[in-house]
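K.L.:
For the sequence shown, the numbering used here assigns the number 6 to the initial residue and increments by one for each residue that follows.
Think of the hints as simulated: they come from the structure by calculation, not from any bench.
Among the hints, erroneous ones may be present.
[To be verified] Each computed EDC-like pair below joins lysine to aspartate or glutamate, with the alpha-carbon atoms no more than 20 Å apart:
1) 8 / 27
2) 130 / 226
3) 117 / 27
4) 135 / 193
5) 219 / 173
[Claimed, not checked] Restraint ranges, calculated between C-beta atoms of paired labels, are given here:
6) 73 / 218: 47 to 53 Å
7) 109 / 80: 26 to 32 Å
8) 79 / 135: 55 to 61 Å
For glycine and all other residues, C-beta sits at the position ideal for the given N, C-alpha and C.
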Amino acid sequence: MMKFAPHITIYGFEEAIDFQNEVIWTFSKNLVGISSIRHRLNIHIVNSKTSERESLEGSIKSVWKYISIDQYVKASEQKRKEILLELIVSCFLSIGERLEWNIATINQAKDKSISEQICFQYRSKSRFNKKRNIEAAIELTLSKDRVSIWGLFCVKNQEEPIRRHIVDTYAHQISTIRNFGAPKWLDELNFGFQFKNGMSISVSPNNGESCWSKTRNKKDDWFQKTIIYDRDNSLEDMVKLVNC
């Protein structure tokens with residue numbers, strides 16, 4: 006599954022909340038091999054250049070960076086994405102050499118993100134089933150904090166690939182909590198995810214409906230609710246689910 010290394014979080018920039026995930030995910034997808042997945046980069050927005058600073062101790066790296074909020078809110082949608090991308094890249098470049106990060110890799114990730122119009126799309130590596138007559142991959146699409154996970158099947162002797170919806174989940178389930186590991190074949194027809202608690206969700210090219218394994222107890226019911234995206238759930242509701 007997609008990795009976030011380092012994991013990027015932007016604080017103090019509520020005006021950019023609608024586009025933050027798409028820009029961060031697009032850049033992270035294109036950024037390969039500069040840091041351990043355990044590292045975090047926290048970007049804090051400040052109201053003046055004199056307040057800019059950095060903290061590089063430990064696994065959490067923090068950069069306090071000034072950005073013109075007025076300029077951002079007056080910009081077009083695409084320009085807002087470009088401003089966010091430039092913010093992220095400038096933070097990486099300001100600390101990159103001291104952390105021995107590959108500067109060329111950072112710039113390449115920026116260029117590739119721009120060439121993609123800073124529009125997030127992701128496809129995993131394809132995997133064959135044991136009979137090697139079906140090849141499958143995972144596709145991700147992103148809308149704010151909602152991630153749609155799809156299975157893409159290429160069946161032997163069929164020209165057109167088959168795309169099946171697996172589940173809509175929360176962005177933090179993939180980027181932060183990382184409940185979704187590498188996709189796998191659960192049998193000859195069903196492709197999806199096996200979770201650490203033993204539950205699974207999968208889909209097959211022959212059936213348009215995704216299939217959850219049976220819940221065994223209340224913990225399984227709770228886990229399923231935390232995975233499946235519900236736009237009516239408030240932050241308070243999510244906290245209750247996590248703590249129940």
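K.L.:
Please name the hints from earlier in the document that this structure breaks, with their numbers sorted from lowest to highest.
P.N.:
Hint 2 is the one this structure does not satisfy, whereas the remaining hints hold.
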